[in-house]
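J.: Residue numbers (my numbering), protein chains in the order written: chain A, 207 to 488; chain B, 1092 to 1365.
It is worth saying that the hints were derived from the structure and are not from the lab.
Even for Gly, the Cβ is constructed at its ideal location relative to N, Cα and C.
Just so you know, not all the hints are guaranteed correct.
To be verified - Using 27 Å as the maximum straight-line C-alpha spacing, the simulated DSSO-like pairs for lysine-lysine come out as follows:
(1) LYS1187/B <-> LYS221/A
(2) LYS487/A <-> LYS1187/B
(3) LYS487/A <-> LYS272/A
(4) LYS1303/B <-> LYS284/A
(5) LYS484/A <-> LYS1103/B
(6) LYS484/A <-> LYS1094/B
(7) LYS221/A <-> LYS1183/B
(8) LYS1214/B <-> LYS1183/B
(9) LYS487/A <-> LYS1143/B
Unchecked claim - Examples of chain A residues toward chain B, derived with CB under 8 Å:
(10) ALA225
(11) MET297
(12) ASN462
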Amino acid sequence: MNNTLDFSRLGKVIKHDGASFAQNLGLALIILWAIPVVMWLFASLTPSHAHMDAFSRIGILNTLGKILLIIAPARLYKYCNDQRKGIGYAMMPASSLEKFISMVFYCVIVAPIIYLAGALAIDSILAVIGGPYQGFAIADYFDKISQLKDMWRDKMMFDDEDYYLLSTTFTPTMIIITKVLSVLMLSSIFMFGNMVFKKRKTGKMIGILILLFILFMIVMVNYAANHENLFERWFGYMNEENAAEIIKHMIHVMINVSLIFSAIVSAVMLWLTYYKIKTQKY
Amino acid sequence: MIKINNLDFAYKNTQVFRRISLEFEKGNIYGLLGENGVGKTTLLKLICGLQKPQHGSVIVDGFTPSMREPEFLQNVYFLPEEVITEDTTPEKFIQKTGVFYPRYDYELFNQLMKELEVDLSKKFNELSHGQKKKALLACAMSLQTDYLFLDEPTNGLDIPSKALFRKVISQYCSDETTVIISTHQVKDVENLIDPIVILDKDDVLLNASFSKITEKIFFEYGPERLDNAYYTEMLPGGYINVMRNVNNEESNVNIEALFNAVMKNKETIKNLMK
């Protein structure tokens, strides 16, 4: 018997965890799906008849999706590290790796996909009904970057050269990788928080992230204050001829740094989550 | 077979076991006795892999429990003292859980539920504490694992249910199954358990079968209190004296009297049983 990974057993774990998926996450999904409906109703009833284009609604749906990623681990696997209620989970005859894969499957893949499918379907229904929702979010969702470019061009913020710059920087592959990594990073952070904390898991993890952000900002502000010359020298190199290239280079560097950062944080968080599942005492 | 060797275990600053060694043979129903707080539940958790020894080893059929390997886990089931269940029926619970256990028998589950008089259609949270315990016992036994660990299984059961509990354990556990019942209510498991393990703080005072116990210890039921007895207790119609079996006489073990005798003469009886 393979005690590390057996696909038949993994299937059983996924089925086992899936059996309580709707019970544990159903209400949260309904609330998140209801928010755009409430907004639609509110906008329909207000005398100003404010319109919301598909692009703005995608932003709202994405924010709600992030909320789901944050709450899903604690909703789906609330008791897996509980000294009393977690005994059943620990004693389930499956390897730690199989339990971990199932957890990742539901928190990173299933929950966001179900949310997104439902949210886009509801948005489409509301757009068909009419009223304040203009355009279909589903049509623009996977073509978000061209929307962004069109919007910028419409607003005369970028000329053709800049438009080319934007197109070559934000390639579809890059957008997909960025999107996947941002989902993975957010979800893995809160999966780890779910395994570490016994109570108020999500709240504590958010608190830690806020603290880390404040610390990071303090460090950055101090660094910038002590290296004023450095920034002056950077901008001093720029002129009309090389500005586009320098900006493009900076965007590339920023994207790559952010991708590497997301990948490292995700990998560390996922490994720590697996380690906690394996070594958790009850 | 369960082999515990030189086991040390502590919770933060509280030492629970200090270099204890112990063996549990296959196919027996062990009674794990001890006062509150001596570590009965902790010992079960160490055997199940829910805790890890700080020193020494726990080996179950060649497996290290704390590794929680699936091949080990599919042969053990631990029923904790506190009944915690999902918002589901016992039937759905066992159908979801049973798929992981190779010898799980749904028919046996139904039969046990009937024998234990538990309503199949009700959700766990609609059942009384005792009913929940019986439903979980039916679930645990229907998995037919080689090792079944029951932590204070009779707590919260009414008198008829305690009798039913004894009946199903003795009737449905196969000769290959090792059951360890941790309890401080010794009367509830009388005529069910053999051998007996008595734990004390940091130590194992006794681990012996009834035959070995009666070989060394004599339970005398008589009209008077004997001075040379390890322990004496007044019973209706006389006394029970627990004493050394010097004449190799046969007697019936009174678990409660034995437990009290061991607790009052820890070192003496420990040395006697060696």
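J.: Now look at each hint and say whether the structure bears it out.
T.: Hint check results:
Annotation: proposed proximity of LYS1187/B to LYS221/A holds, straight-line Cα distance about 8 Å (limit 27 Å). For a cut-off of 27 Å, the pair hint linking LYS487/A to LYS1187/B stands: about 24 Å separates their Cα positions. For the hint linking LYS487/A to LYS272/A, the alpha-carbon distance of about 31 Å lies beyond 27 Å, and the restraint is violated. Using a Cα cut-off of 27 Å, the hinted pair LYS1303/B and LYS284/A is violated, with the two alpha carbons roughly 48 Å apart.
For the proposed pair LYS484/A and LYS1103/B, the alpha carbon gap of about 20 Å is at most 27 Å, so the pair holds. Annotation: proposed proximity of LYS484/A to LYS1094/B holds, straight-line Cα distance about 23 Å (limit 27 Å). This hinted pair checks out: LYS221/A and LYS1183/B have alpha carbons roughly 13 Å apart, not beyond 27 Å. Simply put, LYS1214/B and LYS1183/B have alpha-carbon atoms about 9 Å apart, close enough for the 27 Å limit, and the pair holds.
Taking the CA atoms of LYS487/A and LYS1143/B, the gap is near 8 Å; set against the 27 Å cutoff, the hint holds. Evaluation of the ALA225/A hint against chain B yields a held restraint, the C-beta minimum of about 5 Å falling below 8 Å. A hinted interface residue such as MET297/A counts as satisfied when its beta carbon comes closer than 8 Å to some beta carbon of chain B; here the least separation is about 6 Å, so the hint holds. Proximity of ASN462/A to chain B is violated relative to the hint, the smallest CB-CB distance being about 40 Å (cut-off 8 Å).
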